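K.L.:
If you want the building blocks of each chain, they are given just below.
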Amino acid sequence: MGRYLSKKVLIYLITFFFAVTLNWAVPRFAPGDPISMLLSRFVVLEGGRDILESFFVKTFGLDQPLLQQYFGFWRSLFRGDLGISISQYPKPVLSIIRDAIIYDIIILVPAIVLSWIIGNKLGAFSGVSKKADNFLMPVFYFLTSSPYFWFALLVSYLLGIVLGIFPTSHAYSATMRPGWNLAFIADFFMHWFMPFLTLFLVQLGGWAIGMRNMIIYETNTNYAKYMESLGARERLIRRYGFRNGILPQVTGLAISLGTVVSGAVLTQMVFSYPGLGYLMVQAIKQNDYFLIQGCFLFLIIMVLLANFTVDIIYMFIDPRVRHSYSGEV
Amino acid sequence: MKARWIVLAVVVSLVLGSTAVLAAERNQTLIVGGGTWSQATSWNPLYPNCANGIRGLVYETLFAYSPLTNEHKPWLAESGGWISDNVYEVKLRRNIYFSDGQPLTAADVVFTYELARDNELTYTPLWRNLREVKAVDNYTVQFIFDSPNYQEWQIELYTRDILPKHIWENVPGEDLMVITNDDPVGSGPYKKLLAGPDRNVWVRDDNWWGNAVFGQPKPVEIVDMIIYENNVALGMLMQRTLDLSNYFIPGVPAIKDLYGLTTWYDGPPYMISANVAMLVLNSQRKPLDDAKFRRALAFAVNPEIIVERVFERMVPVSDSTGLFGGWTEYRDAQVAEEYGFWYDPDLAKQMLADAGYVDKNGDGWIDMPDGSPIDFEIIVPSGWTDWMESIRIIAEAFRAIGINANPAFPDAGLYDERIQTGDFDMCINNYGTGISGSPFSYWNWVANHNINRTHVTEGNYGRYDNQELFDLIYKFNQLPPLSDESLAVASEIQKILLVEMPAIPFWLNGMWAQSTSQYWTNWPTADNPVGYPCSWANNWQFGTVEMLINLQPAQ
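The listed protein sequences derive, respectively, from chains A and B. Quick note on numbering: our numbering labels position 212 of the first sequence as 340, and the sequence is numbered without any gaps. Quick note on numbering: our numbering labels position 398 of the second sequence as 718, and the sequence is numbered without any gaps.
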């Protein structure tokens, strides 16, 4: 087990190094100079842009040799300093991420986890019940293959504008002040619901289809047939099937949770809901080196952590992994 | 046991908390959108990317400016004028106070300007010909110039936020653009209340000095929402969770009556014009280096089709000179008549043929006089749907007269990089063509002299090089507004721009505005011009504050 873990850790460290290096390099070699991009939109007195430009170049140290910038980047990374955003100057990247990421988490984590749990249950049910399958499969396919943008607009139009139950945008009403009180929490919940619901529904279908197919596959494997011929009860066979079928789903769940940082860009666009995803797209559009770096750094760390967690969980839920590393198989 | 106490505590605090909602009522709140695109990160008026509303709501300028009437309205100033060739004198109003109760006097004005003399700020270039800013007494300031840029001064008068000396004198020079100024103290009608990731909220300052002079703004709070997509803005208008939208929303002419939306004009062009959208031609590339070729292009396109198909008549076609609003005071009708352009594809073809551009190899496309082929790419940023559609129409028009032109849509960042470094054939652009107090800003953008550099950021992306024109624009800046000489120079500039055609003005982009009347009425319109319905950054002093004063709560 120690061997298994140490090998994994080494691989992750190497991956981290290369990912972070790429993350540093790509925006800098991509076309588009973030500072002149920012400046061209300002309306200032002629000559004012030149003053701002030299101010920014100095502030961000962009006049230093690239190699020096690269080493400086690693140095500050280990100090926990992600730098200052160019497009959102003078806000530090870390506080931009901190302010925004909470909105991604409250929308995405419940949507992912609940859709995973319910999707797997429904999928497993659909896999063993022909009758339910006939009804559920079209629904799953509809949910998973409808373009999110269109689907969310439809839901927003129906529940928001036609029925007028839920507000169509933002995190809370314009007349609300954030505070620890019932009125605000209720208002916040109403605004949270449609972004959550749409994400929950579109993901539900995918999980369910995956699980259903796994169950059908597992119940047709040799071990299942063998158990059947031994006279094992169907429930038992299904339980074994579920245990095997859940393995790829666990990986999928971990990756989904790991990419929470990249946010639900489309959700945020359709509902003008705050969050990191949209910020990240904007950062890329404006080639904001530091904000891109910061967002992707988090993404890299989260994905690696998620994968690592899966690796550990697999040791518990899949005995084959455990045994292969302890040399038993 | 412990868990039960926690639950109890939570419930009690929730119930207690629910009585502590301090927000203004909906019918005292004005919700706007369209001017803020990302979370505010700075409230520092010295940094140009500071929160929308800092200029106008919190800090104020000496004058306001109305693009509708082209008038400078005395704001902090009571009056102002040139008392000699090189001295501009401002008389300040009495009884102006900052929100911390300190009076605003001549010393604050002098300080604001000297700050840019002693430090590198965006308005430091003023000091290239400003000699001294002098407080004659507590309420009189004199600006003494070496050789005044009269035209630029017209713009400066409504652009500079007057800062409280007693606060900013304590900020070290190197921090002037760096500090975020989280608690801005200005003289304006509103104060910062809160800034969230999806909104900025401003609260009325009931002690505003202007209440006695101009009247009190009606909304107790202004909530400026960040809205990522124009269809969200439309949804909010329908739900009445947005009072004023400053987004370009396709389809407004068709739905405005259905949803009770107010626009400036009831019929076309619906919107006030805000800036000139031009086809910029890269005069560093063949055959766009040939003025005859550039001019012929202007005759090939029918901008009416763009206005009709893309904008549903929400924008008007531009005048040949590109002048609109107050700038038209300088328009030379004779020059426009003689050198203007209009849609005439046959004439365009003839002009090209006369200049030697014909199809030499018989492939259907016009070639260079030496026989080498011509093909162009027209670029606009990807995702700017209205402009994307426009250049499809323009490319089609060029192809109709035998010029091989194709639209392309690079990402916004790449678009900026390409136009700034001159790596393009043609592009649509309007960055620096916004309405202002002087056509100088327009001409100095279209034909800026500062083109010999890697990144061109002051306009003239096509790098059109004509020292005579540059000199005329410089000279125009140094002539008193509407003087005979300034009009003569203006005519000369218009003529050169039309004959040389470095960029072709096609249509006037709108100051998009749609409002709903569920909570607020008396919106400014063409028939009832009680302000300027615009929540864009740096536009609040264009008459938006007057709109706030004239709004009426709906019954």
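Hints may be right or wrong, so weigh each one.
[Unchecked claim] With a Cα cut of at most 25 Å, we get these calculated SDA-like pairs of lysine to any residue:
1) A:Lys219 x B:Ala732
2) B:Lys576 x A:Met397
3) A:Lys219 x B:Gly493
4) A:Lys186 x B:Asp495
[Said to hold, decoys possible] Pairwise CB distance ranges (calculated):
5) B:Pro873 x A:Ala314: 54 to 64 Å
6) A:Ile233 x B:Trp357: 15 to 25 Å
7) A:Asn341 x B:Trp357: 53 to 63 Å
8) B:Tyr663 x A:Thr187: 17 to 27 Å
Keep in mind the hints are simulated off the structure, nothing from the lab. Bear in mind the structure is a predicted one, so any value in this text is a computation, not a measurement. Yeah, the Cβ is synthetic: ideal placement off N, Cα and C, and Gly gets one too.
K.L.:
Would you mind marking each hint as holding or not holding in the structure?
P.N.:
To see whether the hints hold, each was checked on the structure:
A C-alpha spacing of about 23 Å is found between A:Lys219 and B:Ala732, which places the hinted pair at or below 25 Å, so the restraint holds. For a cut-off of 25 Å, the pair hint linking B:Lys576 to A:Met397 stands: about 24 Å separates their Cα positions. For the hint linking A:Lys219 to B:Gly493, the alpha-carbon distance of about 20 Å falls within 25 Å, and the restraint holds. For the hint linking A:Lys186 to B:Asp495, the alpha-carbon distance of about 13 Å falls within 25 Å, and the restraint holds.
Distance hint check for B:Pro873 and A:Ala314: the Cβ-Cβ separation is about 26 Å, which falls outside the suggested range of 54 to 64 Å. Checked against the given bound of 15 to 25 Å, the beta carbons of A:Ile233 and B:Trp357, roughly 23 Å apart, stay inside it. A C-beta distance of roughly 44 Å is found between A:Asn341 and B:Trp357, which places it outside the suggested range of 53 to 63 Å. Roughly 49 Å separates the CB atoms of B:Tyr663 and A:Thr187, a value that falls outside the hinted 17 to 27 Å.
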